[in-house]
Every structure is written in C-alpha cells, then in structure tokens.
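Participant: Numbering of the sequence shown is given in our numbering, commencing with residue 1 and proceeding in unit increments.
Do not rely on the hints blindly, as some may be mistaken.
Cross-link-like lysine to any residue pairs, in silico, SDA-like; alpha carbons within 20 Å at most [claimed, not checked]:
hint : residue 1 : residue 2
1    : K91       : L313
2    : K88       : L13
3    : K125      : R162
4    : K289      : L313
5    : K286      : Q318
6    : K91       : L117
The calculated label-pair distances, taken between Cβ atoms and stated as ranges, are [what the hints assert, rightly or not]:
hint : residue 1 : residue 2 : range
7    : P137      : S31       : 30 to 36 Å
8    : D15       : S364      : 25 to 31 Å
9    : E230      : S186      : 44 to 50 Å
10   : S186      : S333      : 57 to 63 Å
These are computed hints drawn from the structure, not numbers from a lab. Don't be surprised by glycine CBs; every beta carbon is placed ideally from N, CA and C.
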Amino acid sequence: MPRDDTYDERTLLPDWYARERRLAHMLPYVSLVDDHTVRTRVNELFQCVRLGGVNSYTTDDAYLDRVTALFARIIAQLGPEFSYYVHKVSKSITPDLLPVRGDGFAAAVDETWRAKLASAGLRDKTLTLTIIHRPPPRSFLGFVNRSAPERFKKETAKRIRRLREAVGVFASGLAELKPRLLSAASGELVGFLGALNTGRELPLYPAGRYGFLATNVANTRVTFLEDHFELSGGVVGHRFGKSFTIGEYAEGTTCTMFDMLNLPVDMIVTHSFTPINSNLMAGRIKRQKRQMQASQDAALSLLDALDIAHDDLEAKRQSFGEHHMVVTVFCDSLDELQTLGAEIVNAAAAEGVKMIGERMAAKSHYFSQHP
Numbered sequence: 001m002p003r004d005d006t007y008d009e010r011t012l013l014p015d016w017y018a019r020e021r022r023l024a025h026m027l028p029y030v031s032l033v034d035d036h037t038v039r040t041r042v043n044e045l046f047q048c049v050r051l052g053g054v055n056s057y058t059t060d061d062a063y064l065d066r067v068t069a070l071f072a073r074i075i076a077q078l079g080p081e082f083s084y085y086v087h088k089v090s091k092s093i094t095p096d097l098l099p100v101r102g103d104g105f106a107a108a109v110d111e112t113w114r115a116k117l118a119s120a121g122l123r124d125k126t127l128t129l130t131i132i133h134r135p136p137p138r139s140f141l142g143f144v145n146r147s148a149p150e151r152f153k154k155e156t157a158k159r160i161r162r163l164r165e166a167v168g169v170f171a172s173g174l175a176e177l178k179p180r181l182l183s184a185a186s187g188e189l190v191g192f193l194g195a196l197n198t199g200r201e202l203p204l205y206p207a208g209r210y211g212f213l214a215t216n217v218a219n220t221r222v223t224f225l226e227d228h229f230e231l232s233g234g235v236v237g238h239r240f241g242k243s244f245t246i247g248e249y250a251e252g253t254t255c256t257m258f259d260m261l262n263l264p265v266d267m268i269v270t271h272s273f274t275p276i277n278s279n280l281m282a283g284r285i286k287r288q289k290r291q292m293q294a295s296q297d298a299a300l301s302l303l304d305a306l307d308i309a310h311d312d313l314e315a316k317r318q319s320f321g322e323h324h325m326v327v328t329v330f331c332d333s334l335d336e337l338q339t340l341g342a343e344i345v346n347a348a349a350a351e352g353v354k355m356i357g358e359r360m361a362a363k364s365h366y367f368s369q370h371p
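Let the hints inform the model, and build the full structure from the sequences given.
Facilitator: Written out as structure tokens, the structure is:
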C-alpha cells in the first residue's frame, strides 16, 4: 500500500492534515442553553420552529398574501432586536414498503405500486423558521474588566424569556401552519443544523454537556474547489454541491416567485433577514425623497413607491433590513451539478432575479446558511 512520505513523526499524519481547517471551527454554535435554545459564538440565542407550510400550487392567492402580510407585520412589531432565518430543505425519499407475498392479485397490485413509487421521485420538504435574539448593543462592556457569572446567568434568563415571547407570537399568529419547536432531545434540532452541511436531514444528538456543539453539527468534510465544493467522509458519503446567491433583485417580488426552484434535487434555500431600526430607515427614505425632488428625478414611479414604503414603515405593516438568500444544490455527479446550475440561473432570470455562483465568496455563501 503506498504511503505518504511527508508525515508528522509525532502524530503519523500527513503534513497537509495540520494545515486543514476543521469544519467545527467554522460553525458558530457553542452550546445548548436548554433543550430548545442554542447559543452562538457572538452570544446570540436562537430557537427553531418547524412549519407545516402550504402548497402554493393549490392554495388561493388571497390566502398566501394574507399569510405573507401577517408574517411581515409580526417582524415589524418585534423590532430590530431579532433576526430571522427561513430554510427550505428538500431531500429525496426512498420508499421501503413490505412487499405482499404470493402470486395473487394483491401481490401484482403491490408490485406495480412499489415500482410506481420508486420512479416517482418522491421528496420530503421541510420549512424551518429560526428566530435569533441578538445581544443588546454594548452589553459586553460589563464583562470586559471582570468576570460576572451570576450577572451573565440573569441576562441569559431574561433574554430567553424575551425569545420565548417572540416564538409564542409566531406560533400564535401562524397557527394554521402547525408550528412546533425543534428539540435537541429528539435529535431534530441538531439534525436540522447538520442538514445545512449535507442537504439531508438525519437525527443528530449532542454528545454531552462539555465541548462545543459545533463538533456534533460537523457531520462531513467539505473541500472547496474552483466553482463547487465536495463532501466526503461523512454521513451522506461522497457528493458535490454549489451555492448560488442573488446578484440583482427584481423590481417587484411576490410570495410565489421562487416556486420555480422546485427542482427534483437535494436543495437548501436559505433566507436571512436582519431588521434595521425604523427611525434610521425613515430618515433614509426622507433623505432619498429630498434628493430626488431636488434633482427633479424623472423616475416618478420610484418616488411614489418611496411614499408607500414610508407609510408602511410608520404604520408597522412592514420593516426594512438586510436580506440575503442562498440556494445550495447537492448532486452525486459533476455533470448533474452543472446541468442543475444552469436551470437555476435560467429559472431565476425568468422572474427578473440574477442568480450568481461566486468563486471568491463560495465559502462565505456556504457557511452563511447557518444561523
């Protein structure tokens, strides 16, 4: 068996292994505060809510618009102390049914039915809302010169109560979508975070009270190449993937504009949103309106849109903030990955959205999927 001559005599590992960065070191998860709450490296606290979702192909547009407006209104009322992630994870399902024995009619029907299921390309799609409570500005100043564990515990308990209140607001407002909290004891919470690495959600459990939670979430080995990444040595075996992000937004958006991404492939669609203070945003809108009026800008429709946006902002019907979207696809071969990449770009272009797969920022887009 050939061996690598360049190895560390102390660890008996190749030299390149010491230069490799561990996946766990790139993930933000520190520990579990309780069975439902995760703490990150920057002292953020978040909980994950699994939503049942609705079928946009068969649901009335008026109902979809009502749910969209309700979701936007809740975010606007909760204020800028929270951030939000929405993940849609699509993975394939392999039917494993017990066959009907014998040569009778029932066995023939069962064989035909199982063959139909095997060729139908069934998929399991989950929709998860992550609510993140960000630490108050300058809250770390009290811990710069001295350690204060009791004060830290009190602040954590206070922030968890605030986070639970926000989760309760979403659970009550979106009750028709059958929301439920993901827990670490069931393996769903850590399993969902691990699915953001591989595209397939499998149960994962925290190893113990000591150590970083990121080591349990790191369930694969990621190698970034020129225009894609490669997964190996993990729970899903050897796979290829690529991340796309929005380069240019469309002039207008609808709640069904990303239905064109409903492709028969393992995929993660990630939306992240961080609200901006409403007073700061109102000042920006007023300044932009004054500049357009002073320069006699001919884009009158944009000026009217600013008036509508200002009205919605002051009435707390909408909020403005920083939005980021990433679409990550996972395939078993490079040829399939290239074909699907072209389909995603073309489908987005049909909706007026420019999707790009950047090489320089490939790592940033991949890890931005994690809350």
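Participant: Should the hint that D15 and S364 are 25 to 31 Å apart at their CB atoms be regarded as holding?
Facilitator: 27 Å, holds
Participant: Is the straight-line distance between the alpha-carbon of K91 and that of L117 20 Å or less?
Facilitator: Holds, at roughly 15 Å.
Participant: Hey, K289 versus L313, does the alpha-carbon distance stay inside 20 Å?
Facilitator: Roughly 15 Å separates the two Cα atoms, so the pair holds.
Participant: Can you tell me whether the CB distance of P137 to S31 sits inside 30 to 36 Å?
Facilitator: This hint is violated: roughly 23 Å between Cβ atoms.
Participant: Holds or violated: K125 and R162, Cα atoms, limit 20 Å.
Facilitator: 30 Å, violated
Participant: Within a Cα-Cα threshold of 20 Å, do K286 and Q318 meet the stated pairing?
Facilitator: 17 Å, holds
Participant: Are the Cα positions of K91 and L313 separated by 20 Å at most?
Facilitator: Violated: K91 and L313 sit about 38 Å apart, past 20 Å.
Participant: Range hint 57 to 63 Å: satisfied by the CB atoms of S186 and S333?
Facilitator: 34 Å, violated
Participant: For the pair E230 and S186, does the Cβ-Cβ distance stay inside 44 to 50 Å?
Facilitator: 31 Å, violated
Participant: If you draw a straight line from the CA of K88 to the CA of L13, is it 20 Å or shorter?
Facilitator: Answer violated: K88 to L13 is near 39 Å, above 20 Å.
Checked against the numbered hints above, the structure violates hints 1, 2, 3, 7, 9, 10; every other hint is satisfied.
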